[in-house]
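Based on the provided sequences and hints, a complete structural model is requested.
Listed below, chain by chain, are the residues.
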Amino acid sequence: MSNRTNSLPGPDNITRVELENGITVLVYENYAAQSVVMTGTFVAGSIFEDPAKSGLAAMTAASLMRGTHTRDFDTIHAGLENIGANLSVSGGVNRSSFYGKSLAEDLSTLADSLNDVLRNPAFPVEQVERLRGEILTSLQIRQQDTRYRSSRAFRENLYPNTHPYHHSSQGTLESIPEVQIADMEAFHRRHYGPADMIVVIVGAVNAQAAINIVRERLGDWRNADQPSALPIPDLPPVEETRRVSIGIPGKAQSDIVMGVLGPSRKADDFRAASLANSVLGQFGMMGRIGAEVREKLGLAYHASSRIDGGHGPGPWSVNAGVNPANVQLATDRIVDEIRRITAEPVSAEELADNQAYFTGHLPLQLENNDGIAGSLLNMETYDLGLDYLVNYGGEINKLTRDDLLQATRRYWNPDAFVLAVAGPDNVS
Amino acid sequence: MNDVTRHVLDNGLVVLLKEVHNAPIISWWVLYRIGSRNERSGQTGISHWVEHMMFKGTDQFPAGYLDKAIDREGGNWNAQTSMDYTAYHETLPADRIDLALRAEADRMMNARFDAEEVESERTVIISERQGAENSPLFWLGEEVQGAAFRVHGYHHEIIGDMTDLKTMTRDDLYNHYQRHYMPNNAIAVAIGDFDSATMLARINELYGSIPAGEKPNLFSRPEPEQMGERRVRVERPGNASFLDFSYRAPAVTHEDWFKLMMLDSVLSGPGGPGGGNVGNKTSRLYQALVKTELAASIHGGLSATIDPYLYSFNVTVRSGRTLEEVEAVLEAQIERVREEGITAEELAKAKKQARAAFAYGTESVNSQAYWLARAENFDSYTWFTNYVARLEAVTVEDVQDVARRYLRPQARTVGWFVPTNGKQ
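Sequence lines, in order, name chains A and B. Just so we're aligned, residue 1 is where the first sequence starts under our numbering, counting upward by one. Just so we're aligned, residue 1001 is where the second sequence starts under our numbering, counting upward by one.
These aren't lab readings, by the way, just hints derived from the structure by calculation. Where is the CB? At the ideal position from N, CA and C, for every residue including glycine. There may be inaccurate statements among the hints.
Unchecked claim - BS3-like cross-link-like pairs, simulated, lysine-lysine; straight-line CA separation at most 27 Å:
| # | chain 1 | residue 1 | chain 2 | residue 2 |
| --- | --- | --- | --- | --- |
| 1 | A | K296 | B | K1056 |
| 2 | B | K1068 | A | K296 |
| 3 | B | K1068 | A | K398 |
| 4 | B | K1291 | A | K296 |
Claimed, not checked - Covered by chain A, per the in silico footprint, the following chain B stretches (three or more residues, Cβ under 8 Å):
| # | stretch |
| --- | --- |
| 5 | 1077-1088 |
| 6 | 1111-1125 |
See the structure below:
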């Protein structure tokens, strides 16, 4: 209907500033909506924690919103909820993150809250214990969740226990009781700081005004002891297939996760692998796997593949939920598809289809503030460059069938992968 | 939000158009006025299954063709079956939207329902239900709905009862399709980067020639008045307890519905369009249940439904606490608001939250189209365009009045999920 094309976020319209203390601020003005999104990450992930206290980074992050030296729990949340805003801080493996949203007119209030919780947390005993109980209840519920249990078992078997990706950044029923307030205070003192922090703001705000809002609040933050980000250790590929099965009473369906070590987001062949993954388990109705397992055999409601990417070798996995009696059949068919995609190049049609999908999808992805902010954060986190979106189509369209085949072969071996199944306990 | 135009084609198809030129995309929805509320015993889940079959091909677009074609054009598509409607939608780059217009026009009349595809989809849908059954909350919700509605179609889950999923036939499905899929039982909505005159002309070209059918006589049986509290108890393996407190609520077209939305914002946090974007930690029930360490979480809300449905509170009991303790405090809070009402400050906060949430909830053309189609189905699209204004008109007296009339113990269904931890 329209031939008009909006200009993509790029070097001409993204304002990027590095503050003296190491914070990088990116702002994109978007007056199409009344809101503003402020999101970002900082170097305080679970990679720094002792596995016996797994969940320390995440619990520290969650505790920030529970009280500061100047505001108690109710004051923090009333300040946000009274204006229809929200703010959350969460732990991750490499980096922890924050996400806030408000009406554009309230950006200063949102930034005030962020600055306060990041820099002045009080870790009040009563609040921390309350939070601990909520986390433990949530973890107990997850013990009954087949998707969670299969996913955890998959990661624990894919990564050795010396690797940060082996552990859940959210902690376990055993580790969360071990996390003391003193641990959180020490973690915060050491790891929270401005070095290498990223702040992205997208919305109906003037870019310079938004940068000033950040600079006025976070610009004087210093932490001389803050360690740099740690690299994620590399691992050799899986050498033989490892299978693990978890029985949970009363379940009607089995969840399957199978996979291998995949590319990091910065890997040279990340784009080729992503395109191959789309052919395998995304494009159309969940790619070749969906066509076989769901459409042809009717074995599953969901059956798809994904690449996590991230800073290290995140998993490249296939996920499916099937009737417990069909686990073997579904797994066999999925392995057949892995074998096929590692044996022969995808067709020219499949390559063209998926290239068109990747490049054509950008306008939808960048429709609103959340989508744009997510893309900008990704670009800065992985050093993709401000011209990443502008050049994206060209980079995708350069890829060849052989590029996809090589990427698939580099990561997948149809005879060596990790398979985790969680389902009812009365099915062999 | 007020620049929506409404058109009715000669065959009865209602068309809503709104130009939004912020991004070069268009969202296209076609909603049919048929949902699980209209399903008879023995055919529960049929609307949802028909929705699945709409993706299994026509002569023009064979099964799987559009999945790929829409991805290839950089778009996405999906569908949803609700209690009150079945809807199909595509969002595409603006210069590619014609594919969506043609696809929906085609499958309004020409879906194939091949017998083999029906059987293959039977197991997919059973698998979908089994996936849901893995969650304790699915079992609790199903039991509460069944207890709250003895007569009305809201008594069964949208996905349907397992026995019906095993026994329905291809002819059952095809008859359901033929009786309900027609232009005069549908609402079409386009929002995005287009010129309205050009868009309307193209819609007329593609849909205008589809013949109107005999307007379906929708199966619907009103629920009699509830005459006392109903209780259900679900005992299954698990390790957490859940409470569902559900009161009879009015239809979305009733003026009381907006008053209850303001009450709910005070009790359990903002809901409605965009409501999930704002937290609920200052709400009364979070303060009374989570802050006191009785519960791990509390959520509440009422649905925008054609017929009277439920206003529900769902609580996850904190490990080490009991359902009895949680229920007693929840009931006390409800009695308190019935007796004392809410303050002017609480209402002002609820209104500000609703304005912000509405702004967030309408940032994408897809969500705007979704709400306009839904509103036109249960009332008029103006329900949505006037949404914030109608909330603004609510007074503190209104809120106490609806709390007194609707949150009566005699009009509620209480559900307990009791984990057995392996014990019988």
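Each hint, compared with the structure:
1. The hinted pair formed by K296 of chain A and K1056 of chain B meets the criterion: a straight-line CA distance of about 11 Å does not exceed 27 Å.
2. Restraint check for K1068 of chain B and K296 of chain A: satisfied, since their Cα atoms lie roughly 16 Å apart, inside the 27 Å limit.
3. Distance hint between K1068 of chain B and K398 of chain A is fulfilled; the C-alpha atoms sit about 21 Å from each other, no more than 27 Å.
4. A hinted pair counts as satisfied when its Cα atoms are at most 27 Å apart, and K1291 of chain B with K296 of chain A does not qualify at roughly 50 Å.
5. Given as covered by chain A, the stretch 1077-1088 of chain B fails the check, having 0 residues with a CB less than 8 Å from a CB of that chain where 3 are the minimum.
6. Here's how the stretch 1111-1125 of chain B fares: 7 of its residues keep a CB closer than 8 Å to some CB of chain A, so the rule of at least three is met and the hint holds.
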